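Peer 1: As a plain string of letters, each chain reads:
There are 2 protein chains.
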Amino acid sequence: MHREALIEPRQEILRTAARLFQQQGYDATSMNDVAAALKLSKGGLYHHFQSKDEILLHIMSHALDITEQRVINVVRRVEGGPEERLRTLIRLHIEVVLSEEDREITVMLHENHPLPPVSRRKINGRKKDYVHFVENLIADVQRQRGSPSTVSPRAAAFALVGMINWIYQWYKPDGELTGDAIARQFTEIFFRGAIG
Amino acid sequence: MHREALIEPRQEILRTAARLFQQQGYDATSMNDVAAALKLSKGGLYHHFQSKDEILLHIMSHALDITEQRVINVVRRVEGGPEERLRTLIRLHIEVVLSEEDREITVMLHENHPLPPVSRRKINGRKKDYVHFVENLIADVQRQRGSPSTVSPRAAAFALVGMINWIYQWYKPDGELTGDAIARQFTEIFFRGAIG
Numbered sequence: 002m003h004r005e006a007l008i009e010p011r012q013e014i015l016r017t018a019a020r021l022f023q024q025q026g027y028d029a030t031s032m033n034d035v036a037a038a039l040k041l042s043k044g045g046l047y048h049h050f051q052s053k054d055e056i057l058l059h060i061m062s063h064a065l066d067i068t069e070q071r072v073i074n075v076v077r078r079v080e081g082g083p084e085e086r087l088r089t090l091i092r093l094h095i096e097v098v099l100s101e102e103d104r105e106i107t108v109m110l111h112e113n114h115p116l117p118p119v120s121r122r123k124i125n126g127r128k129k130d131y132v133h134f135v136e137n138l139i140a141d142v143q144r145q146r147g148s149p150s151t152v153s154p155r156a157a158a159f160a161l162v163g164m165i166n167w168i169y170q171w172y173k174p175d176g177e178l179t180g181d182a183i184a185r186q187f188t189e190i191f192f193r194g195a196i197g
Numbered sequence: 002m003h004r005e006a007l008i009e010p011r012q013e014i015l016r017t018a019a020r021l022f023q024q025q026g027y028d029a030t031s032m033n034d035v036a037a038a039l040k041l042s043k044g045g046l047y048h049h050f051q052s053k054d055e056i057l058l059h060i061m062s063h064a065l066d067i068t069e070q071r072v073i074n075v076v077r078r079v080e081g082g083p084e085e086r087l088r089t090l091i092r093l094h095i096e097v098v099l100s101e102e103d104r105e106i107t108v109m110l111h112e113n114h115p116l117p118p119v120s121r122r123k124i125n126g127r128k129k130d131y132v133h134f135v136e137n138l139i140a141d142v143q144r145q146r147g148s149p150s151t152v153s154p155r156a157a158a159f160a161l162v163g164m165i166n167w168i169y170q171w172y173k174p175d176g177e178l179t180g181d182a183i184a185r186q187f188t189e190i191f192f193r194g195a196i197g
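Chains as they are written, first to last, in the working numbering: chain A, 2 to 197; chain B, 2 to 197.
Since the hints were made in silico from the structure, they are not lab data. Hints are supplied without guarantee of correctness; some may be wrong.
One copy or two, either will do: identical chains are not told apart, so a pair holds if it fits within one copy or between any two.
Once the Cα atoms are required to be at most 30 angstroms apart in a straight line, the calculated DSSO-like pairs of lysine-lysine come out as [what the hints assert, rightly or not]:
1) 173 <-> 129
2) 40 <-> 129
3) 40 <-> 128
4) 123 <-> 53
5) 43 <-> 173
6) 53 <-> 129
7) 43 <-> 128
8) 129 <-> 43
9) 40 <-> 53
10) 123 <-> 43
11) 128 <-> 173
None of the values given here were measured: they were computed from a predicted structure.
Please put together the full structure from these sequences, using the hints given.
Peer 2: Set out below in structure tokens:
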């Protein structure tokens with residue numbers, strides 16, 4: 002039985018494809034597998050995406066959209082100065098990494114899948130934009146606080162993004178470390194360590 | 002023309018296979034591709050490894066052996082107390098991540114490749130052992146220094162391992178941040194941030 006009407010068809014396709022790519026590998030997953038998992042006909046799937054490469058690119062773009070909407074755009078609107086914005090960024094970025102709904106999408110950003118060169122450059126450019134945003138915010142906080150730190154905003158940004166993006170490698174929803182505990186302790190490590 | 006005598010055959014096979022897996026994807030790489038890249042006959046390759054799964058498992062084990070030999074075993078022999086051991090661990094772990102010779106092998110540890118359950122448990126167990134080693138060392142340093150930090154050794158260990166293992170995602174050998182600069186700044190962030 003085929004079902005041709007998904008509620009948010011493109012997002013559902015991306016989420017299901019991301020799950021299959023992780024469970025059975027990107028190459029081992031066919032467009033047929035994706036269609037079958039969604040109870041779509043192959044035509045129904047091709048109506049939205051022409052190829053697996055296109056799905057992969059859209060998964061990665063969608064992961065970056067999520068970061069933009071739920072982290073950057075919110076942080077920009079925070080009133081109260083750079084320190085408050087940086088604390089908010091750490092908390093929201095951790096929330097995105099831990100989001101059960103989006104984890105399968107966002108994890109794909111970090112895996113090394115062979116994208117065509119043009120797409121790869123586009124995705125890598127957006128990843129770099131995020132690091133620059135974090136770097137500039139750290140520089141603002143250091144300046145405002147008259148920080149004595151000899152850590153450069155750039156090295157600090159890579160350390161912060163690394164410790165947060167790495168969480169998906171070890172986090173267990175039923176483990177000892179809750180999302181709140183991680184956010185509190187990572188914020189403390191980072192503020193004491195890189196701002197001082 | 003086939004060449005049946007590699008100098009360190011198993012290590013050369015693992016390194017070449019790891020490179021191919023990253024360039025063209027694990028599933029898209031066949032045993033034939035691995036043999037061809039090494040100028041080995043298929044029989045020559047099968048003499049060492051029976052399957053691609055076996056190669057993948059050995060790549061991961063080898064990456065963990067490298068960490069054990071070049072980080073843990075050296076750190077255990079450092080004289081001068083836990084603080085000196087922790088500083089050494091940070092420096093050596095960064096060196097392993099940056100090692101040009103081993104990068105293709107060690108990166109495989111972090112990618113999500115479908116291993117058979119028994120192998121996966123074995124690899125995950127050894128990864129956890131490493132985090133525990135780091136965690137215990139951090140606890141020793143906090144105790145010895147009478148650290149006022151409210152960061153738990155466990156959260157601190159995940160933060161440290163995350164920021165170091167993430168380096169492969171952004172590091173450029175010809176970039177501004179050299180290995181030494183990374184080691185100095187990450188050590189400062191971590192010691193000020195998690196020990197205090």
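Peer 1: Taking the hints in turn, state whether each one holds.
Peer 2: Evaluated hints:
no., hint, verdict
1, 173 <-> 129, "both (28 angstroms within a copy, 13 angstroms between copies)"
2, 40 <-> 129, "neither (37 angstroms within a copy, 39 angstroms between copies)"
3, 40 <-> 128, "neither (33 angstroms within a copy, 38 angstroms between copies)"
4, 123 <-> 53, "within (18 angstroms within a copy, 32 angstroms between copies)"
5, 43 <-> 173, "neither (35 angstroms within a copy, 42 angstroms between copies)"
6, 53 <-> 129, "within (25 angstroms within a copy, 34 angstroms between copies)"
7, 43 <-> 128, "neither (32 angstroms within a copy, 41 angstroms between copies)"
8, 129 <-> 43, "neither (36 angstroms within a copy, 42 angstroms between copies)"
9, 40 <-> 53, "within (17 angstroms within a copy, 32 angstroms between copies)"
10, 123 <-> 43, "within (28 angstroms within a copy, 39 angstroms between copies)"
11, 128 <-> 173, "both (26 angstroms within a copy, 15 angstroms between copies)"
Checked against the numbered hints above, the structure violates hints 2, 3, 5, 7, 8; every other hint is satisfied.
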